[in-house]
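Protein chains in written order, with the numbering used here: chain A, 58 to 500; chain B, -10 to 343; chain C, 16 to 312.
Do not take every clue at face value.
Restraint-style ranges between C-beta atoms, simulated for each label pair [as the list claims (entries may be wrong)]:
hint, chain 1, residue 1, chain 2, residue 2, range
1, A, S392, B, A17, 46 to 56 Å
2, B, G12, A, H186, 44 to 54 Å
3, B, I26, A, P452, 41 to 51 Å
Derived by calculation from the structure, the hints in this document are not laboratory data. Predicted, not measured: the structure shown is a model, and the values here were computed from it. C-beta atoms are modelled at their ideal positions from N, C-alpha and C, and glycine is treated no differently.
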Amino acid sequence: MREHRLGGRAAAALVAVIGILIAAGCSSSTSTSGSASAPAPSGTTVSTSQCGSKPGVKATGTPIPLGGIVTNQPGTSFADIANMANAYFTCVNANGGINGHPIKYYIETEQTNPAQIAGEAKQLVQTDHVVGIVGNTSIIECSVDHSYWEKLGFAIVDSGIAPECYSTPNSAAVNMGPRYSSDGAVQYALSQHVSKVVFDQSNVPGTGYIAAGPSALAAAAHVPIVQLTENVPISDANSVAIKEVDDAGPNGAVILNFTPPEALVILQAAQKLGLENRVKLWGCSTPCNTDFIAHELGPKWDKKLFVNAELTPPDVTTTSAMSLYKAILAQYGHSVSSGVGSFSQMGFAEAEILVHALESVKGAYTVQSVNAAIKAVHGFNTGMLCQLWSYGNYPMHIPNNMDYTVTPNNGQMTTAQGCTKISSVDPQIAAYRKVAGVAPAAP
Amino acid sequence: MAGTAVRTARARPRPPLQKPGAGTLTRAAVVAVILLISLFALPELLSLYYVDAMTQVAVYAMVTLGLGLLVGRVGLVSLGQVAVLAIGAWTAARLLFATTLPYPVVLLAAGVVTMALGTLIGLPALRLRGLYLALITLMLAGAITVVLATANFPNGGHGFLGYDASSVHIPPIRRPSIAASDPAYFRYSVIVAALMFLLAGVHIKTRPGRAWAAIRQSEPAALAAGINVTLYKLWAFALASFITGVAGGVLAGAVHYLYSIGFPTQDSITLLAVVLMGGAYSLWGAVVAALLLQLLPAVLHNWGVSADWLTILFGLGVLQVLTTAPGGLADQVPKDLARLGRLLRRHLPSGAGG
Amino acid sequence: MPSWQDFQPFIVSGLALGGVYALSGVGLIVLYRATGVVYLAFGAVGAMGALIAWSLVNASVPGWVAWLVCVASAGVVTLGYGLLFGPALAKRDPLVKAVATLGLTLVLFGVMDLLWTTGGGQSRAITLPTDNGGFTLGQIQVTWTQVVGLGAGVAITVVTAAFLRYTKLGTAMRAMANDREITATLGVPVRRVEAAAWLGCGLLGGLAGLLLADLVALDATTLTFLVISSLAAALIARLRSIALTFVAAIVIGLIHDLLTPIQSLSNYRDMTPFVLAAVALLVLSRRRVISLSREEA
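Given these sequences and hints, build the entire structure.
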């Protein structure tokens, strides 16, 4: 009996201990390491007030509600993209807003649960009354919600992952997504005359769709390709690395398509096993494009690992847009934990596009007017991409189809190859170029 | 035989269903009221976000019902019910894509296939008891999860697996024509759940229920009383699998898109946690557990509270239940309310109106 | 069918993986032999210790201090749990005791994700000095950390087996796992013996967590649920023999990696621990009913 009650009190004691732990943790929690803080803007110093039309004037009109859905679960977090978009909107609100109207941005996070994602879309529309959707970055949201957005007439500006982000009329991405980014990595490897390609990706929804691009490229170049998938999270990186190297052979290339932590684990395992020089080169799709990975990998991978970079490398670019991006990140981007990097660049670009569209709206800001303006965006220079960006009224959208290749050098990612078009050998790219043409390169 | 001290389960032949007493009628009335509110009032009052959440509650109420039957009624702990749910969802999705069978038939088929698989696995596993049984269900669930990760869920493709890996336009899993909208599908899932609860209730009130109670009390004694322990345990497995399979079918229609990453092994642990917290011994406990599992996260998410707090709460809940309140919330709350009632009666002036 | 040459490197990596499984598996059995509890939170306490060590290293605390804190914190958490909940659950079924540790797992998992949030594309890593340097075996480099991992598994197996058999405290632990009440009446200070068992298991968990964070990944989810695969090894040994658990873990690791070059089975190799455990349990139970009620231990 005594022990019975002790158990109940024990539970209460445990609660108290946890509370103390949390309090202690909260007061000193930082979750990042390495190059997390934004460096000082290089080149011309730009004032953040340039983000808005009336510098220094706070917007006080009726808010324009926008929404975004991002994955945020243990192991995968795209919250930085929405947080950076929010930082941009905050800057705009402090500098005139949209004709005096501030933007109110509702961010919904999800844990890859289709019911939850569908519910959040309805929440944004019915409860928050959003007139535009921007910043969506999710493993499955495009698949789950695209019919809903199409039915209501929302034109999404997102960072796509699922196939439907690129193959449906109402979603246009600022990035290339896993398939076309992998295309870019494979394309670079093929340009270096490798004799075999091993393409390994994480076993999340859409592997066949992603693999089809590299397969087409390899077939056109008459190079054999081995398609592999790994269950994530990877618990045995050693066997993965050995298998990839064995399959590729000494004149082959291993191309990875994983989230940054998983790609890092594989590459580090390869290094620990002494395998990094057993193939001609290693490649990776865009997720590897972070200074964090360059720093963690160390010098053995300089000019050995070639990463496809969907967005303009921030460290070597000194345009005013890049400076503005870094300035906004420094001033308003406290919740962007990854700092300077592709995630925040995507958020910046998407927010830019929305503001540009909103500024062209005459009259009331309704679902119809706002999304018509978004679809009308044409030839816009985000400052973050190789090309000018357009939405348009097409059945599919791959507006970013030209990008860089970078390689680690002294703890940072540096350019290995400038803006290169993704080959039309990929049937989806060919289909898009047929309806939309090839966008001109950004100045 | 009157006079013998020990009455076994077969000593007195009883009619299969006794005439309901006053308590049963009140309970039935409460259930009916709740059902009516769910079917007619809730879809009007709640936003679509919460209607979707409540549909998930209905689905998982069936899952917790199945697990509650195993854990509470028979004393078998299964750490693999999410894998069973996945099998039911897979079967339903495959049939919905490949055939034009009406929805109730698909649900039944999903239930039957899951029941068959559950029984097949249950048969050899029943040699194990207690901790070993729980751990082997965990192992089997882990194995099924890996198979699912490789086979994936049907998405309109051809072949046995029905999975088209290169699809750029995954078609949604269809819903019954009478329940296409979210509120209508919510009503549909509530009705299906009510039927499953009725099925479970009938089992509990009749011979299987009594046999299970005897087995949970003491297996050797039940054996000695002439109860076919293996048969009734298998029956429990079969019933739980059937109900969970039907739940999987309803889930398929609710979410329209199924992914293997949505059925991780760790969810089975959370499922057991909420079943224990809600109360494994009563049917109400299953409903409470489902509310904890699906409605509470939706509410907290809306308020911006991290889902991690819920994980912590569930862990503490398990510890609390196992150490102090084995009946769970469904057992504890009525007791607490009764205690509160007594407290109020003592302190309120007697003879007060109303 | 791949050639012998193709299999060779996987033997080495398989042994390393087996060492990983053995660390946790043996740790699980140790506590089970001493308290009758299958400590399913073993992975979680190790993961949290490793994350604490990571935070300390990030705050420029010297490495060895951080590792000591890692091991100590795991020991403290486990001891705390054992003292708080051990007595309350002592008379219950082993099943109930195991499910209670699942509760602890959930709590720790939630706390870890709250305190060490998932950043945007960044991961955490622990590096031990034994990572630099190793030797070449066949065409593969083996780091000293992998050797330490395997060696630790062997050492723990041998030391714990000897401890439980030959020392007074060890014998007391075994007696208590058998029947706590009778052991108490025999004059053994059960509370203290139990506390020692919990503390020892926690320290082992911290050590395993540190090594696994280096060998596998410093990720709360991976490390917490790695225990399920290690549990498979313990189940094959029917939760009895420490040595058998070690051997089973090595075999699981070997088979898992040796399946990698076989195209048709490669994607299913993650099933290895589960299938082997299920088969072993079902085969072993063919003749007799296996149970762990209070009456039998």
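Evaluation of the provided hints:
The given range of 46 to 56 Å is respected by S392(A) and A17(B), whose C-beta atoms sit roughly 53 Å from each other. A hinted range of 44 to 54 Å for the beta carbons of G12(B) and H186(A) is consistent with their spacing of about 49 Å. Remark: the range hint 41 to 51 Å for I26(B) to P452(A) is upheld by a beta-carbon distance near 45 Å.
In this structure, none of the earlier numbered hints is contradicted; all agree with it.
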